[in-house]
Amino acid sequence: MRADPTFWLIARASGLTAYVLLTASVLAGLVLKSRPFRGLRPAAVADTHRFLALLGLGAIALHGATLLLDGTVHLTPVALIAPGASPYRRLPVGLGVLAAELMVLVYVSFALRRAIGTRNWRRLHWATYAIFAAATAHGLAAGTDTPQPWAFAIYLGAIGSVAAAAAWRSFAPPLTQPRRTAR
Amino acid sequence: MTTVYRIEIDRSLCSGFGACVDEAGDAFRLENGIAVAVASSTDPRVLAAADACPMGAITIIEEQVEEAA
Amino acid sequence: MTSHHGRLYALAASILLFFVAWAVVAAHPWAAPEAAARDPRLVALAQREQRLRNEAGLVQRVVVHRSQPPDARRRNRPSSRRCSRPRPQRHPRAAASAS
Numbered sequence: 001m002r003a004d005p006t007f008w009l010i011a012r013a014s015g016l017t018a019y020v021l022l023t024a025s026v027l028a029g030l031v032l033k034s035r036p037f038r039g040l041r042p043a044a045v046a047d048t049h050r051f052l053a054l055l056g057l058g059a060i061a062l063h064g065a066t067l068l069l070d071g072t073v074h075l076t077p078v079a080l081i082a083p084g085a086s087p088y089r090r091l092p093v094g095l096g097v098l099a100a101e102l103m104v105l106v107y108v109s110f111a112l113r114r115a116i117g118t119r120n121w122r123r124l125h126w127a128t129y130a131i132f133a134a135a136t137a138h139g140l141a142a143g144t145d146t147p148q149p150w151a152f153a154i155y156l157g158a159i160g161s162v163a164a165a166a167a168w169r170s171f172a173p174p175l176t177q178p179r180r181t182a183r
Numbered sequence: 001m002t003t004v005y006r007i008e009i010d011r012s013l014c015s016g017f018g019a020c021v022d023e024a025g026d027a028f029r030l031e032n033g034i035a036v037a038v039a040s041s042t043d044p045r046v047l048a049a050a051d052a053c054p055m056g057a058i059t060i061i062e063e064q065v066e067e068a069a
Numbered sequence: 001m002t003s004h005h006g007r008l009y010a011l012a013a014s015i016l017l018f019f020v021a022w023a024v025v026a027a028h029p030w031a032a033p034e035a036a037a038r039d040p041r042l043v044a045l046a047q048r049e050q051r052l053r054n055e056a057g058l059v060q061r062v063v064v065h066r067s068q069p070p071d072a073r074r075r076n077r078p079s080s081r082r083c084s085r086p087r088p089q090r091h092p093r094a095a096a097s098a099s
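Chains as they are written, first to last, in the numbering used here: chain A, 1 to 183; chain B, 1 to 69; chain C, 1 to 99.
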């Protein structure tokens, strides 16, 4: 007789949601610098970028909590904190734990940027690429739904869009506003 | 009458993105990772610079000034 | 600057996304069945299960048939040897038990 799968299902759904939110946050951050869309105010994009990251952290918290509560894989609280301590798929889960902890660090660093110095804060922010890579690897290797075509499409779409946005940010100069008279 | 733009930068918000420098390099520059600006400018690009700041750290105050004779 | 619109859209979209993901994931609750089918032990187990289920059905029918009284058994016998009119009792012992 099978046990109630609700927690297991929520764990999978929240994991996928967290991944999409992380991708959206990364894309918003890349759009900030390269500004491909003239209609978007950078200050609004910046706030949305941070809020998406916060929502992503919320989804990750739900993901971890439901994995603890579920009996399908026997995870201990230590496995959620220490990368590599999981009995189930040690490396992929460890990458997920690492990505989550880095994400918390980067999120908190913004509030502390006066204390750590703006230049150091900007250097730390480069870690978001590592966060995205680790989260993608975690999803692909540890994700229950990865064999499903729709899930695989999500991963490919995320990787493709982040790669494209990162290339744009690196190579294209930001669009400047056309000269206009005083408002 | 010319329009003069007084520029104020909130240093607690500035995070050194440099979008203002991209928009109006004559009026803005980055010093030690924080933007500094000339006190005032007649270049309307400073408005775009204020708009471009991701932190909303730039305030522009418009003043109408009599042209010097 | 707090972008209230941006936050609202982000929150609404993420809630929607979560529930859609939950629904899609629930449509395939267990690990992909193809993966399970590849395990030969599980395939053999599934075949044995099916065989036992078929046998159980047959056994159940035999048990039900044998638990019925004799003339009911004769009536319900699933054979082609059935008469259209009731047959007279031929055996004296059958006649005694029928009364």
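Since the hints were derived computationally from the structure, they do not count as laboratory data. None of the values given here were measured: they were computed from a predicted structure. A few of these clues could be false.
[Claimed, not checked] Over 10 Å on every C-beta distance to chain C, these chain A residues come out as not near it, computed from the model:
1) R12
2) A13
3) S14
4) V20
5) R41
6) P77
7) V104
8) R114
9) R123
10) Y129
11) L140
12) A163
13) R169
14) A172
[Claimed, not checked] Here are some of the chain A residues that sit facing chain C, going by a computed Cβ distance under 7 Å:
15) L16
16) T17
17) G39
18) A43
19) D47
20) L55
21) S109
[Stated by the list, open to error] Computed far set for chain B versus chain A, every beta-carbon distance over 12 Å:
22) E8
23) R29
24) A57
25) I58
26) E66
27) E67
Backbone N, C-alpha and C define an ideal beta-carbon position, used for all residues, glycine too.
So, going through the hints one by one against the coordinates:
1. With a closest Cβ-Cβ approach of about 5 Å to chain C, A:R12 is found to fall inside the 10 Å limit, against its non-interface label.
2. The beta carbon of A:A13 is not kept farther than 10 Å from every beta carbon of chain C, the shortest such distance being approximately 4 Å.
3. For A:S14, the requirement that its beta carbon stay farther than 10 Å from each beta carbon of chain C is not met, with the minimum near 7 Å.
4. For A:V20, the condition that its CB be more than 10 Å from all CB atoms of chain C is violated, with the nearest at approximately 6 Å.
5. With a least beta-carbon separation of about 8 Å from chain C, A:R41 fails to lie farther than 10 Å from that chain, contradicting its non-interface assignment.
6. Distance to chain C confirms A:P77 as a non-interface residue, since its nearest Cβ pair spans about 23 Å, more than 10 Å.
7. At the 10 Å boundary, the C-beta of A:V104 stays outside the reach of chain C, the nearest C-beta of that chain being 18 Å off.
8. The non-interface label for A:R114 is consistent with chain C: the shortest C-beta to C-beta separation is roughly 18 Å, beyond 10 Å.
9. Against the 10 Å criterion, A:R123 stays outside the reach of chain C, whose nearest CB is about 25 Å from its own CB.
10. Non-interface call for A:Y129 relative to chain C: holds, since the shortest CB-CB distance, roughly 22 Å, exceeds 10 Å.
11. No beta-carbon of chain C comes within 10 Å of the beta-carbon of A:L140; the shortest separation is about 15 Å.
12. Residue placement check: A:A163 keeps its beta carbon more than 10 Å from all beta carbons of chain C (closest about 22 Å).
13. The claim that A:R169 is not at the interface with chain C holds, since no C-beta of that chain comes within 10 Å of its own (minimum 20 Å).
14. Every CB of chain C lies more than 10 Å from the CB of A:A172, the least distance being 23 Å, so the non-interface label holds.
15. Satisfaction of the interface hint for A:L16 is found here, the shortest Cβ-Cβ separation to chain C being roughly 5 Å, below the 7 Å cut-off.
16. Look at A:T17: its Cβ gets to within about 4 Å of chain C, closer than 7 Å, so that hint holds up.
17. Given the 7 Å rule on beta carbons, the hint for A:G39 is violated: about 13 Å separates it from the nearest Cβ of chain C.
18. Annotation: A:A43 was flagged as interfacial toward chain C, and the flag holds, the nearest CB pair being 4 Å apart, inside 7 Å.
19. Using the Cβ-Cβ criterion of 7 Å, the hint placing A:D47 at the interface with chain C is satisfied: the shortest such distance is roughly 4 Å.
20. Evaluation of the A:L55 hint against chain C yields a held restraint, the C-beta minimum of about 5 Å falling below 7 Å.
21. Checking A:S109 against chain C by beta carbon gives a least distance of about 20 Å; that is not within 7 Å, so the hint is violated.
22. With a minimum CB-CB distance of about 15 Å to chain A, B:E8 clears the 12 Å threshold, and the non-interface call stands.
23. The claim that B:R29 is not at the interface with chain A holds, since no C-beta of that chain comes within 12 Å of its own (minimum 15 Å).
24. With a least CB separation of 9 Å from chain A, B:A57 falls inside the 12 Å interface cut-off, contrary to its annotation.
25. Its beta-carbon lying about 10 Å from the closest one in chain A, B:I58 breaks the requirement of being farther than 12 Å from that chain.
26. Residue-level check passed: B:E66 sits 16 Å from the nearest beta carbon of chain A, beyond 12 Å.
27. Annotated as non-interface, B:E67 keeps its C-beta farther than 12 Å from every C-beta of chain A; the closest such distance is 15 Å.
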